[in-house]
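Heads up: the sequence lines are chains H and A, in that order. Residue numbering for the first sequence is 1 to 383, as defined by our numbering. Residue numbering for the second sequence is 384 to 659, as defined by our numbering.
Don't read these hints as lab results, they were simulated from the structure. We put the CB at the ideal spot given by N, CA and C, even for glycine. Some clues are possibly wrong.
Listed next, the stretches of chain A that the computed footprint assigns to chain H, with coverage defined by at least 3 CB atoms under 8 Å from CB atoms of chain H [claimed, not checked]:
| id | stretch |
| --- | --- |
| 1 | 427–433 |
| 2 | 508–520 |
| 3 | 608–617 |
Covered by chain H, per the in silico footprint, the following chain A stretches (three or more residues, Cβ under 8 Å) [unchecked claim]:
| id | stretch |
| --- | --- |
| 4 | 440–449 |
| 5 | 622–628 |
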Amino acid sequence: MNQDTKNIARGELLQGNEACARGAITAGVRFFAGYPITPSTEIAEYLARNLPKVGGKFIQMEDELASMAAIIGASLTGTKAMTATSGPGFSLMQENIGYAYMAEVPCVVVDVQRGGPSTGLPTKISQSDTMQARWGTHGDYYSIALAPSSVEECFTSTIQAVNLSEKYRTPVIVLMDEVIGHMREKVNLPDPKQIKIIDREKPTVPPDWYQHFEINPHFVSPMASFGEGYRFNVTGLTHDPFGFPTGQPKEIADKLDKLKNKIMHHADDIIQVRDELMENANMAVFAYGAAARAARQAVRMARQKRIKVGLIQPLTIWPFPDTYLKSVLEQLDLILVVELNQGQLVLEVERVSCGKAMVKSLNRYDGELITPEQIFNRIKEVR
Amino acid sequence: MEIYSEITHKYLRTKKRFPNVWCAGCGIGIALGAIIRAIDKLSLDRNEVVMVSGIGCSSRMPVYVDFNTLHTTHGRALAFATGVKLAKPSMKVIVITGDGDALAIGGNHFIHACRRNINITTILINNRIYGMTGGQYSPATPFMKFGTTAPYGNRERDFDIPMLAQTAGAPFVARGTVYHVVQLQKLVEAAIVKKGFSLVEVISQCHTLYGRLNKEGGAVEMMTWQKEHAVPIEAAKNLPPEKLKDKLLTGILWNVDIPEYCEEYDKIIAETKEVN
Chain H
1 MNQDTKNIAR GELLQGNEAC ARGAITAGVR FFAGYPITPS TEIAEYLARN LPKVGGKFIQ
61 MEDELASMAA IIGASLTGTK AMTATSGPGF SLMQENIGYA YMAEVPCVVV DVQRGGPSTG
121 LPTKISQSDT MQARWGTHGD YYSIALAPSS VEECFTSTIQ AVNLSEKYRT PVIVLMDEVI
181 GHMREKVNLP DPKQIKIIDR EKPTVPPDWY QHFEINPHFV SPMASFGEGY RFNVTGLTHD
241 PFGFPTGQPK EIADKLDKLK NKIMHHADDI IQVRDELMEN ANMAVFAYGA AARAARQAVR
301 MARQKRIKVG LIQPLTIWPF PDTYLKSVLE QLDLILVVEL NQGQLVLEVE RVSCGKAMVK
361 SLNRYDGELI TPEQIFNRIK EVR
Chain A
384 MEIYSEITHK YLRTKKRFPN VWCAGCGIGI ALGAIIRAID KLSLDRNEVV MVSGIGCSSR
444 MPVYVDFNTL HTTHGRALAF ATGVKLAKPS MKVIVITGDG DALAIGGNHF IHACRRNINI
504 TTILINNRIY GMTGGQYSPA TPFMKFGTTA PYGNRERDFD IPMLAQTAGA PFVARGTVYH
564 VVQLQKLVEA AIVKKGFSLV EVISQCHTLY GRLNKEGGAV EMMTWQKEHA VPIEAAKNLP
624 PEKLKDKLLT GILWNVDIPE YCEEYDKIIA ETKEVN
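My request is simple: use the sequences and hints to build the entire structure.
Next up, the structure:
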């Protein structure tokens, strides 16, 4: 058996939605509540079949409002919990996603994006929920959203999402899309024993001293579970460190500062960016999710034509990778932002580049995946 | 009565969270007393009790009591509670909700919780109106009664709540009033002990809004109305239909045994683990 055959034998053919579901189980998710919706349904189907085998629970709720509520309830008992949906369901979940931000409940929401607005294009690709992952629910808050671009990244991003949600006591959104959700490709998934799994920090103080929303220097409070003797209160009302509703201006501001600081003070730990061919590049293509696949190929094609272009692929889109982008601005004359929407993350690129590099965009929103040739042609056009 | 308040005070977060939001004369506090005494009578470990609520006057209840408490979004208490119960079936999950919370915005969750038959006790405090937002008509406001959004009389029909729960599949349905507080405590006890989804509708008074808008008097007059209109289901069996007109049947109205959801799910876990 030659080396290639061995690799093929070791790898497996896997769908993005399945990889996401397997990542969830690997990360320790033992509770899933969901409602059927294309193109995310395979995640629910896989977990309905496989969660009970590891002692976990699957429940199909009456709608997405209830699904989101159920995973928050489950998480409060100390169980890692997740749901998966697509745009219309993601809209319905926003109410209780906001609750999870406010009540600081770890949980993961997978949005396998399709075209919108409204019922839109159930079986076609889109990246139009990018801003919904940042500003989907009402109020002032900071979010974490990851954007995998391959089947393997569906697996690793889901694990990272669970880890980040536990570490920072916050909902984490995984923005997949119809193409990577349904696509099958050969993957070599990492050995589960080599994967770092993070569990939420538990309190060490006696129940009388416990503050469920303690304000401390690292902004993340240790979290007791229901049934452990701490008997805390959880509410969506703005609350004091004990979890009781407050109208005190200082307590209100402290709470909102905490929601901001626990994300933004740890941005370097949260944010992951993959770049490629950035040495001596004076131009970069900025793309995430499925669009990054085509962009990678386009950048390689351009390099063969001696165009000095590199690829910036943020795996974390929220918080936005300000620091990384600032670090490459000196070398760049131009950034081409490729998105499968009418231009959402390009606004962030413009904000950070602040005129230092010219920002151009390429957008496709007709339900089809953008091609490397399209991006290559746009590179030639704008350089 | 002294003994009553001694029991109640053991379970209140007295230092942290008083005074409460309820108007003087409100029935919700009476219902809370009955619930606490039922929990005490059953000697439940308070660390094992999770009290879940939605939004509204009655849904403020969990904040005041020393259990694991979860004050959620409007209408969603049963969906949160389903997550808590399924993830940790050893917990005693009690949902506190109101007529608007459970039947309007939460109506879908309500019927599906009944149908699913998960072991949750739901106390639905029915004051026939949205109290917290100022007296708008609810799905429990009777035909031609008044609310601030029904200034010419409510032209919608109200739900028959026990019938709704029963036909949606709930195996245990009871109704009490805050006037009949001893009976109410017993109904809550029976609902907590029941394996499966149990509903207790508690007829209560909002004299501040419903009573004023409908000229039904203050708290005393409205509780007198409860006294005069409640008929225990056992007594009703011997009464002719004309004597039951406009009356409220109270007591355990429906009680059957059907498979409980968490236990059924545990069977799936046992079966699939064997296959492995």
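Hint by hint, here is what the structure shows:
Look at the stretch 427–433 of chain A against chain H: 4 of its residues bring a Cβ nearer than 8 Å to a Cβ of that chain, three or more, so the hint holds. Counting residues of the stretch 508–520 of chain A whose beta carbon lies closer than 8 Å to any beta carbon of chain H gives 0, which falls short of the minimum of three for the stated coverage. Given a C-beta distance limit of less than 8 Å, the hint that chain H covers the stretch 608–617 of chain A is violated, as 0 residues qualify and 3 are needed. Coverage of the stretch 440–449 of chain A by chain H holds. Counting CB-CB distances below 8 Å, 3 residues qualify, and the rule asks for three or more.
By the rule of at least three residues with a Cβ nearer than 8 Å to a Cβ of chain H, the coverage given for the stretch 622–628 of chain A is violated, with 0 such residues.
The structure is inconsistent with the numbered hints 2, 3 and 5, although it conforms to all the rest.
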